[in-house]
Amino acid sequence: MTRIFATLAAFFLFTLPAFAGFDETINQLTAPIASAVGSFVFFKIPVFGAQLPLVVLWLVIGALFFTFYMGFVNISGFKHAIQLVRGDYADPNSPGEVSHFQALATAVSGTVGIGNIGGVAVAVTIGGAGATFWLIVAGFLGMSTKFVECTLGVKYRSENPDGSVSGGPMYYMRKGFEERGMGGFGKFMGTFYAIGIFIGALGIGNMFQSNQAYVQLNTVAGGALDGLGWLVGLILAAVVFAVIVGGIKSIARVTEKIVPFMAIFYCVFAIIVILMNFTSIPAAIGNIFAGAFTGAGVQGGAIGALIIGFQRAVFSNEAGIGSASIAHAAVRTPEPVTEGYVSLLEPFIDTIVICTITALVIGTSQVADPNFAGDATGVAMTSAAFERQISWFPLPLAFGALLFAFSTMISWSYYGLKGWTYLFGEGQMGQTIYKLIFCAFVAIGCMVQLGPILDISDALVFLICVPNILGLYFLAPIVKREMLNYKAKLASGEIKRYDH
Amino acid sequence: MSNSVLVAVDGSEGGERALRYASERAKLGGAKLVVTYVIEWSPYSFNTPEENAERHMRREQEIERATSGVVEPAAAILAKEGIEHETVVRHGQPAATLIELAEKHGVQQIVIGRRGQSGIKNLLFGSVAGNLVQTSPVPVVVVP
Chain A
1 MTRIFATLAA FFLFTLPAFA GFDETINQLT APIASAVGSF VFFKIPVFGA
51 QLPLVVLWLV IGALFFTFYM GFVNISGFKH AIQLVRGDYA DPNSPGEVSH
101 FQALATAVSG TVGIGNIGGV AVAVTIGGAG ATFWLIVAGF LGMSTKFVEC
151 TLGVKYRSEN PDGSVSGGPM YYMRKGFEER GMGGFGKFMG TFYAIGIFIG
201 ALGIGNMFQS NQAYVQLNTV AGGALDGLGW LVGLILAAVV FAVIVGGIKS
251 IARVTEKIVP FMAIFYCVFA IIVILMNFTS IPAAIGNIFA GAFTGAGVQG
301 GAIGALIIGF QRAVFSNEAG IGSASIAHAA VRTPEPVTEG YVSLLEPFID
351 TIVICTITAL VIGTSQVADP NFAGDATGVA MTSAAFERQI SWFPLPLAFG
401 ALLFAFSTMI SWSYYGLKGW TYLFGEGQMG QTIYKLIFCA FVAIGCMVQL
451 GPILDISDAL VFLICVPNIL GLYFLAPIVK REMLNYKAKL ASGEIKRYDH
Chain B
1 MSNSVLVAVD GSEGGERALR YASERAKLGG AKLVVTYVIE WSPYSFNTPE
51 ENAERHMRRE QEIERATSGV VEPAAAILAK EGIEHETVVR HGQPAATLIE
101 LAEKHGVQQI VIGRRGQSGI KNLLFGSVAG NLVQTSPVPV VVVP
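Here the protein sequences line up with chains A and B, keeping their order. If you're matching positions, the first sequence starts at 1 in my numbering and goes up one per residue. If you're matching positions, the second sequence starts at 1 in my numbering and goes up one per residue.
Hint data in this document are derived by calculation from the structure and do not stem from the laboratory. For each residue, glycine too, the CB sits at the ideal point set by N, CA and C. You can take every hint at face value.
Partner residues aside, some chain A positions facing chain B, computed with beta carbon under 7 Å: (1) Gly96; (2) Gln102; (3) Val165; (4) Tyr414.
Same shape as in the complex, but just chain A:
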């Protein structure tokens, strides 16, 4: 990490020489760091000819365990989750608090990002069509992980003296382990996680987002922005700066309000494109299933496809990362487990619905014309798939990508900040330092190639999963007890359903 900060320092020292080679310089500086970090975190073990990164295994086993341990809450709790979001169980006598719907919408805005557009393309490029299948499986299992972490996020949140709340894995680890008589270990884990999230926020929730937003803008501009990543980066960084440091909240508020509609707009047009490719639909779906179990043409075969699918799914829906529990902790409810139920809808919306739709857009285009995107990957590939049928779509897609990226960056700046304040306290000075670092990385993200960005982002994300899931194993019995108590109260009618 010190080398990344050294790069950052160097970046400011050179004070932005305005020549086209500047992006190149940054790229050359960061690429070796990225691959070093990547190979360290992604320590791989060979499995049937595929390279299985240990952290991916860690996530899969975690998600599987929570799915079984919670009795397939991802299926059994689905209907109840929708009732909760609809407000069926909201106490009509205490309106005005954060509703289940609001908590879900905020968390979904944070997770629906470039990963849903560009990340899926990356998965399909590397893992073949079969990766889509495993992506969906990962989304399905991830619902259980989210259930566990968000329940804990609400149960163990902290109220600050000013009346605002702070929650998330660092808090549930510290307090949860303390309850189990492992206070020292809990403190260590909380700190470990807080460091992970505040550094990790610079990858998945920052550089990856700004990078892909720039790529899509450049695609639309027909390459006119080549080598101008630093400029786009600075502009983006300036807007983020205005919001998180300058306190111009209205920008963030407007974005939060537009993003859900952009997501619906995106899905509607994606479905239109899929329908326009209707002759390719059966073959595309066939490829997904065939690829999932044979892994034809994929390095590492079916296992290779599985690994890529899982990796990209986590990157998109954040299950196991613990970030959503920071967002969900804002809800005041006497039953923390209700927030768990609500949160299991996130991987469903994010991965099972939106990612699958994107995958089908790409998949059907591939069937119709295997070479439709040329060398393009990431968001540019998705854009090309849309362009085949709707020539003007890359433009709104660029706008949407920019907004998705922006809202995800705003959410993650908050997640990272919570990690930071957990470590260094709520002091204003420290918070500003963190926010400045965050803005600098927004700019850097636009100057570096996708490959190294993915390496660093992936590495950092999984760095957060390790402490989080380890903590979840220990604390899962608490969640299970809460869930059973809650179910009993529902059955006995102690928790009432209100007709609105």
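With chain A fixed as given, assemble chain B onto it according to the hints.
Relative to the frame of chain A, chain B by itself:
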């Protein structure tokens, strides 16, 4: 059933007119007034994580502001004039919440001030009084 009237206030001039009208009628007819302040809020809005984290604190501030700034002064006037009354401060969608409260308190009438907003604003946001007149189970008096 006792004779009671719900009067909606919101710190605006329209709300004041509604209160004045209702208190004059209450004095003549001996009715009880339910002075209601609905703080506009929807459970289905989209917020930033920060807004959510501060929501509880903001809610209390909103209630405090409505109570001490509008509802309590109104209650003080009513008390001085010897009019029986109670006060309610609630979050919610204005028209629907007023109706809900009207039913809960079993009032015979709702009195609300006219806001007098322009046509385009009405078109975009609708009017509380307009919605109320359309959906209220009890007679509504809109005070101009």
